[in-house]
Amino acid sequence: MIEVIGAGLPRTGTLSLKGALERLGFGPCFHMEELRAHPELVDRWLPDTPATREGWERVFAGYRSCADWPASFFWRPLAEAFPEAKVILTVRDPRSWYDSFRAMIRLRVATMAAVAPSPEELAFRTRFARIQPLLRRIAGETFCVGGFPYRMPSRKQATAAFERHAQAVADALPPDRLLVFDVREGWGPLCAFLGVAVPPAEPFPRLNELKARCRTGP
1 MIEVIGAGLP RTGTLSLKGA LERLGFGPCF HMEELRAHPE LVDRWLPDTP ATREGWERVF
61 AGYRSCADWP ASFFWRPLAE AFPEAKVILT VRDPRSWYDS FRAMIRLRVA TMAAVAPSPE
121 ELAFRTRFAR IQPLLRRIAG ETFCVGGFPY RMPSRKQATA AFERHAQAVA DALPPDRLLV
181 FDVREGWGPL CAFLGVAVPP AEPFPRLNEL KARCRTGP
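Read in full-length UniProt numbering, the sequence shown has 194 at position 194, and its numbers run on one by one without any break.
If you're looking for bench data, these hints aren't it; they were derived computationally from the structure. Treat the hints with caution; some may be incorrect.
As the list claims (entries may be wrong) - Cβ pair distances, simulated, as ranges:
(1) P28 x A197: 35 to 43 angstroms
(2) P117 x D171: 37 to 45 angstroms
(3) E3 x A103: 14 to 22 angstroms
(4) S118 x G195: 41 to 49 angstroms
(5) D99 x E54: 27 to 35 angstroms
(6) R102 x A123: 40 to 48 angstroms
We put the CB at the ideal spot given by N, CA and C, even for glycine.
Modelling step: build the complete structure from the supplied sequences, incorporating the hints.
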C-alpha cells in the first residue's frame, strides 16, 4: 500500500527523495529508475492507467511510496485512492530546474541515437517503448506542447508549467497532508512530516541521475 506520494516533477530531487524514503522505512519507492531496472513493471501501466484503488494497488504492488514520473503525474488520483497517504511536493528554483530537465532529456535522446544496442539493450528498448505513449502524454499535458521529447518546451512554457503544477498541488491538499520540500533542507523537515526520527550521523542522500548513464527517456 502506498503511504507516501511524491508529487514533484522530474529533476526536483526525486531520486534523492527515493533514497531518503527507503532509508526511513518507506521503501521500496517506485521511481522511473524502477522501470529501467525492472522493465517488466512497464506492463503494470498498460493498457491504461487505473481508475480504482484496487488498480493502483496492482500498479504499485510491493511498493510503499512513489516519486517521479510516471507516478507523480497522477498525484491527484493517487491522493484520492490512498487518502491516508502523505504527499511530498519536491521543488527547486524553476530556472535551474529547467536547465537540468532540458539537459536530462537531451542526454537521453543523444544516447538513444548514438549507442548501437546490444541484444539485451534492444530487448529492453522494445519493452520500454510500450510505455512511451504514456510518457509523451504526461509531458504533453504538463507542458502543453506536442512532439516531446524532440520538441522541448521553451523556458517560459516550462517554468509556467512548473509553477502551475506546484500551485495545483498546494491548493488541493491540506497543510497537514502536504510537505513542500527542497531536498537541500535535508532530513529535518522530511522526518518531522513523516513522524520518524532523523537517522543519526547520516547525511541526506544526494543522488543525481544525470551523472549516471541515461539510456531511456520520455
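Going down the list of hints, with the structure as the test:
no., hint, result
1, P28 x A197: 35 to 43 angstroms, "violated, 21 angstroms"
2, P117 x D171: 37 to 45 angstroms, "holds, 44 angstroms"
3, E3 x A103: 14 to 22 angstroms, "violated, 32 angstroms"
4, S118 x G195: 41 to 49 angstroms, "holds, 46 angstroms"
5, D99 x E54: 27 to 35 angstroms, "violated, 40 angstroms"
6, R102 x A123: 40 to 48 angstroms, "violated, 29 angstroms"
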